Amino acid sequence: MPFTNEDATIIDSIISRYPRKRSAIMPLLHFAQARDGYVTKESIETIAQKLDLETAEVTAVASFYTQYKREPVGEYHVGVCINTLCAVMGGDAIYEGLKEHLGIENNCTTKDGKVSLERIECNAACDYAPVVMTNWEFYDNQTVQSAKDLVDGMRNGNPPAPTRGPNKLPTWRENSAVLAGISDGRFGEGVSAGEPSLLGLKLSKEGK
Amino acid sequence: MSKLTPVLSAHWDQKDSFTFSGYKGNGGYKALEKALAMEPDAVIQSVKDSGLRGRGGAGFPTGMKWGFIPQGDNKEHYFVVNADESEPGTCKDTPLMMANPHVLIEGIIIGSYAIRANHAFIYIRGEVAHVIRRVQQAIEDAYKAGYLGKNILGKGFDLELVLHVGAGAYICGEETALLDSLEGFRGQPRLRPPFPAIAGLYARPTIVNNVETVASVPSIIENGPEWFAAIGTEKSKGYTLYSLSGHVNNPGQFEAPLGITLREILELAGGIRDGHKLKFWTPGGSSTPLFTDAHLDTPLDYEGVSAAGSMLGTKALQIFDETTCIVRAVLRWTEFYKHESCGKCTPCREGTWWLVQILKDLEHGKGTPEDLDKLLDLCDNIMGRSFCALADGAASPIISSIQYFKDEYLQHLATGGCPFDAEASTKFVTSNVGGVK
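For the protein sequence lines, the chains are B and R, in the order given. Numbering of the first sequence is given in the numbering used here, commencing with residue 71 and proceeding in unit increments. Numbering of the second sequence is given in the numbering used here, commencing with residue -10 and proceeding in unit increments.
To be clear, the hints were calculated from the coordinates, so they are not data collected in a lab. All of these numbers come straight from a predicted model, not from anything done at the bench. Backbone N, C-alpha and C fix where the C-beta goes; we use that ideal spot for every residue, glycine too. Possibly wrong hints are sitting among the right ones.
As the list claims (entries may be wrong) - Straight-line Cα separation of at most 30 angstroms, DSSO-like style, residue types lysine-lysine; simulated pairs: (1) Lys13/R x Lys275/B; (2) Lys120/B x Lys139/R; (3) Lys(-8)/R x Lys278/B; (4) Lys272/B x Lys224/R.
To be verified - Label-pair distances were calculated between CB atoms; the ranges are: (5) Ile187/R x Gly223/B: 49 to 57 angstroms; (6) Gly135/R x Ser86/B: 15 to 23 angstroms; (7) Ala403/R x Glu265/B: 40 to 48 angstroms.
Extracted from the complex, chain B is given alone in its bound form (with noise of 0.2 angstroms):
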């Protein structure tokens, strides 16, 4: 798909944020993917032209960070926390759940196109494991039933909302455009805070 006028705008906004216009090479590249849904040959060539570096530059950096995708993913992209804490809390047995639910392994993404899995590092939701992804929105403390009753959702057309994230599940090519820093307007939505973020405070109130 040609890059449009629309496009440039865009790339020229983001770009002027920034000091010195190599550093906005990150947020264009979740920008090609909240165009294509990945980051594709014609993206790299645009982004390199935009900040003068040559294409083996831009694709040095696109293949350096995990969360740019070479090849499309799902409409769905789901993490499942597999690091030390998640991964003994339940993230295990929930991965190998999914895997075996979704008939695909890792990195990889159902035929209809609508999910794919990852197993996902630590996601600073320690006190809510074990925690899935999704399109980087949070679903906290799941069970091996509940993730597949979350991906039977996203099949269905119809996935349940983030634990703590907006009132409907974006997807994959909206939430890259948040991460490119395009405002969706919905920061509003959802709690301040999960019951664990709370805990603390509310026993302090109530004086212990």
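Let chain B serve as the given structure and place chain R on it in line with the hints.
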């Protein structure tokens, strides 16, 4: 009187705690007005006097760091916030930014004013979309209110603040890798010196501070350094967020004076999950040497934890009970370090690969007791032999686990496999929700 001291988390239970009006309603941005009426050097002095030390793991005195920025050098200065929270077990900055992004922004404006920076960045990890939404909105609202941009509060101070979203690389939490990443390169650590305070972002004097550190600054300016210094212990001043996770009845965030003990926090949290007992824990994330039940009364401040052989780190208290296999836990952390090694330094890149191979065999009961010596020998050749501390972090769980649980490693060899039932350590077993059985 409560043992807890909610300051940063004081208003997280309000529905609008993350909004501009919510923050203002709770007295927000008053410290900024006070700071901008002070001389920049006086702000640095206040932070020095408070005794605030870095909350990202290293514990370096914040005011001293700010004082390292050369003044009158006719160069641009940069203020960069490390919001790339990724150390396994660490989960404090993420809820902080979700529930109260404005306290971070207020701290950034004060810090930038103090070090005479007109450009600031928040480098946030890319895997937290909703936190990114809230921080982005908070920045926009601060611009609208005249707290960012040109001539802030009519005081002639200009500041541009940009939210920069990472893309899934643990190493970018290391400050010089973060700066390379922010400049648009692969995130790989730089050799120091020069330190960022002399040559940081774009080779200009730069401060890199952790989220919680910066967010603590408004309370210091508002209440005075003496107020802050009166909390905590002799050399570890102030309050901080302790993050309790794992095999406990009630995991969560506990904001308390530095120096509280795990025993005290566990009492507040309703203890280890029922019917089980503490086996091992991390005081500050997976890169800090493991503790056992012998360390329940260790004061959780910089000196106390260090004297007991570990590091306060990020105060990520990951709790594991007796159902957890130490070899499985350490292998998984080691796989993490192998995966996240940036590949720049040979000891780390190659060493973590070999550590995983040996630990995998041990977990499956293969190998010999001499492999434990080989592990320690490898660790000895990895620690302190790389540009950054990732390699040291990789060695920590291995060395400390062999120190405390050597018999359990040997038991794997004796029985020809792992003697533990992984299902017994899951949350489902006790909560009876779902489950694998």
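Against the structure, the hints come out as follows:
no. : hint                                    : in the structure
1   : Lys13/R x Lys275/B                      : 22 angstroms, holds
2   : Lys120/B x Lys139/R                     : 28 angstroms, holds
3   : Lys(-8)/R x Lys278/B                    : 7 angstroms, holds
4   : Lys272/B x Lys224/R                     : 29 angstroms, holds
5   : Ile187/R x Gly223/B: 49 to 57 angstroms : 53 angstroms, holds
6   : Gly135/R x Ser86/B: 15 to 23 angstroms  : 21 angstroms, holds
7   : Ala403/R x Glu265/B: 40 to 48 angstroms : 43 angstroms, holds
Hint compliance for this structure: no hint is broken.
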